Every structure is written in structure tokens, then in C-alpha cells.
Amino acid sequence: MLAMKKLFMITVLVVPMIVGAQDFDKNLASARTAYGAGKLEDARFAMEQMLRDLDIAIGKEIVKMLPVKLGTLDYIAKADNVTGGSGSITGLFVHREYGMQPKSGSIEIMNNSPMISSLSAMLSNPIMGGMMRDENQKQIKVQGYKSLLTKSVNAETGKTNYELQVPMNNTLLTMRMDDTTEGEITTLANSIPLAKIAQIAQ
Amino acid sequence: MKSYHAFVLTAALALSITTTSHAQVLNKLKNKGDQKASEAIDKLFSGKDKNKNQTQGQTGSTDQTGTGGPSGGSSGNSSGSSGHPSNNSGGGLISTPPDVKQNLSDAETSYKAASYGEARYALQQAMLGVELEIGNQILKSLPETISGLKKNEEDDQVTSTGAGWAGLTIQRIYHDDKEKELTVTIANNAMWMSAVNMYFTSGGYAQTNGGQQNWKQTKVKGNRAIIEYNEGSGYKLSVPLGQSSLIVYEGVNFATEPDMIKAAEAIDIDGIKKMLGEQ
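Residue numbers (the working numbering), protein chains in the order written: chain A, 1 to 202; chain B, 1001 to 1279.
Next up, chain A with everything else stripped away, as it sits in the complex (with noise of 0.2 Å):
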């Protein structure tokens, strides 16, 4: 049974891998040969395509730095998602879910995103932060990290939910959950290795 589970683990996880090894170097080749024949415009398709086949191989590395649980919450597997986005205007994307409604929680990780610029200069800038402030925002830091912290109150069930945005150089790393706590929250956010991953996602 133990035997059963481990190749169960190895297909799950080491089959993309080799479908994900496998496009890039297809793509390599294509890129080289169609450059090698002067066909320019192919050979851009192509690393296009290399680009968004990295975005994904790093996407996977950073699922692996996720946390499992969020609290009480467990991951579930089958919401994972990890994209990449050459082309397009954000790039990387990586998304988990834990839990089930009323409560579940959430983290994203996104390179590019539109919001990266405001929120930083809305963080670094106390003269942005001040117009900008919002009774229910709070600047906290998270492992060094300047970032955001949104509390909202579900009207239907009167819980409170919590949103931490955590801008990474052009990464941006956002938890949400809800029925909870600021500390608990904060607390969460402290176990997730955001350095590693903002290293990783460049």
C-alpha cells in the first residue's frame, strides 16, 4: 500500500515535470531552428512560448513552498493552479485555496500585477499612504516586508475577513481568509518563506 502511495506521489508529481521539460526544450529547438533560417518572427513565437513554459517550472517550485494548512485549513489540491503569462500582460501566476466556505483561505502570487505600483507607493510614500487611508487598512510588516492589511466584515454572517498584500520587488503575494483574526493572519503570513519565493520569481 505504502508502495502504491509512493509511485502515486512520483507520477503526480514528477510527470508534469517531464511534460513541462519536455515543451520547453520542443520550443528551444523550434526557436533555434526557425532563428538558424531567418524566420524571426517564429523564432520569437517560440521563446514566447519557452518564456511561459519557465513561468510554469517556477510556479511549480513555489507550490512546493506553500503551506499545506492555513491555520485549521487544509489545501485543496485540485485548486492549484500555477500559469504562466508571456505574452500577456502579468506573468507568472500561482493560486491556492484551503478550507471550505464559511471559511477558507486563500494566497496568490503574481508577477506583474497592475496593482504592484500603487500599493508600493502607497506603502513607501506616507504622503500617498495618508490620502489613500482606508479605516480599515493597516500597514504592518511581514518578515521586513511592508505590506497591506485589509480587514472587511461579511455582511451576511458578520465575520470578519482579512486580506494581506505583500508587494515583493514586480511580485506580489496576496492571502485571504476568513473568520479571522489579525493575529492570526500575521501569524500565517510568518510561515510562508516569502523571501525564497520573491527570489524565485524574479
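In case anyone wonders, no lab produced these hints; they're calculated from the structure. No incorrect hints appear here.
Here are the computed lysine-lysine pairs in the DSS-like style, where the Cα-Cα straight-line distance is at most 30 Å: (1) B:LYS1221 with A:LYS39; (2) B:LYS1140 with A:LYS39; (3) A:LYS39 with B:LYS1273; (4) B:LYS1221 with B:LYS1151; (5) A:LYS64 with B:LYS1112; (6) B:LYS1112 with A:LYS78.
Reference listing, derived: stretches of chain A covered by chain B, where coverage requires no fewer than 3 residues with Cβ under 8 Å from a Cβ of chain B: (7) 28–38; (8) 45–58.
None of these values were measured; they are calculated from a predicted model. Note that beta-carbon positions come from the ideal geometry of N, C-alpha and C, so glycine has one too.
Following the hints, position chain B against chain A.
For chain B alone, kept in the frame of chain A given last:
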């Protein structure tokens, strides 16, 4: 005696107030005087040397600091008013496009070593190299003259970020050394393209200027286009190409709309489409 003491005290107090209120003014005057004196002395004793050093600096001499050294303030010969030396040598940045084949090999090596960040960087450099090559090919395909206007090779520009969404931009300017000018910009940029497409898809943009038509749809060599006119900037013609590219012509001092269209037709639009991989 008492009145004498009171008088001395009052006088001292008045003097102290006057002194305090004028201290800053006096100080400023003193500083000004010192500065002028210093300049005069510098001029008297080192004027010749300063001029000599400045000439040497312009011809590549390493002695650019004059008598005052690198932080010598106003006495430094190549220093600006802030006291820092100003740059008057150096060859600028090397503008060689990235080596595509080398960067592809680097990307492969890094990918195999699971250094994905490095692989992505190398790949982006390779893409940058390819985009610059595409841009230069397109520039070569553009005519030498359009409607009697000559190209200005120094203004030729190919800009790429190596990231598909931000795009590739190619620009050439034609002019007649007087006041007539045509700027041709070819952009492979999905966001810009979608903005132009709004004109075609949204009827709300039609006739919104109280009967005065500042833009309209037209065709250039069979391609749908938008032509705009502004009294300050002249004609602007935008021709979308395929899915994510477009050509923008900006004509200053073109007499009529047909003149502008004729100038636009001098460019091989189908050839550019092909080079950009558009259908």
C-alpha cells in the same frame, strides 16, 4: 544712579535685538564678500591654468579637477555650480544587440540546472536580440524618401523590452528641412492595438464633435484605418495590422487628406505584416 543702570540695560537689550535681527543679513553679506574675494583671487592667480585644464579635459585629459581637486567647489575647473565634477569624457554604452544563440544556450543550461530565474533572464535577452533584428529588417524595408521627404537616419529607432506584451516599436522620421515632416511608427503592441480597435468596434465614437469631424475611418492599401486631424499636430493615420501590430503615420504640414494617404501608401504594409508574423 538707578536711572543710569536702567538706561544701560535698555540700550544693551535694544542692541542685542538689533544685532540678532540683522545677524543673518550680515552673515549673508559676509559670505557673499568671501565668495567674491575667492573668485577674484582664483581669477588672478589661476585663470590661465584653469582654461588650459578645461581644454585638456575636453580632449580626454585625465586632469579634470583643477586646483581644487574633485570636491574643490567653485575652484574646480570642470565642476558644476554644485561643486561636483561634470562628465566630459567616456564613450557611452555599448549598443550591441544581445547574442541570440548564446543566450538560448545559456537559457538551456540554466533551465537544466533548475536556475529558472537565470533561464528567464537569458531567454528575455534572446527575445530582445530577435526583436531588434526584426526591427532593423523593417527599417531596411522602408523607402528612402516619401512624398519628397528624406529619411533622417539618425532618428531611426528600434525599441524592444524583450517581453511580448510591452512590445516592439520601430520609428522613422522623414522631413524636408523646412516644416513638413512624416513620422512612421510601427508597433507590435497588444495594448495600443486594442485602443485603436475601440474606434472600429464602438459606434459611440462616431460624430461626437457637434458635426465637426476630427477623425474618420478610411482604408490604406485595402487595410482598414483611422485618420485624425488636429490643427496643432496635423494628420494622424493609424493602420492596425493583424492581431497585435499597427502602423501610425503622423504628418505635419501635409496639405490635404489625400496627400497624407498617398504618403502612407508608399510603405510596403504587406511586407511589414509578414515580417511581424501577422495575417
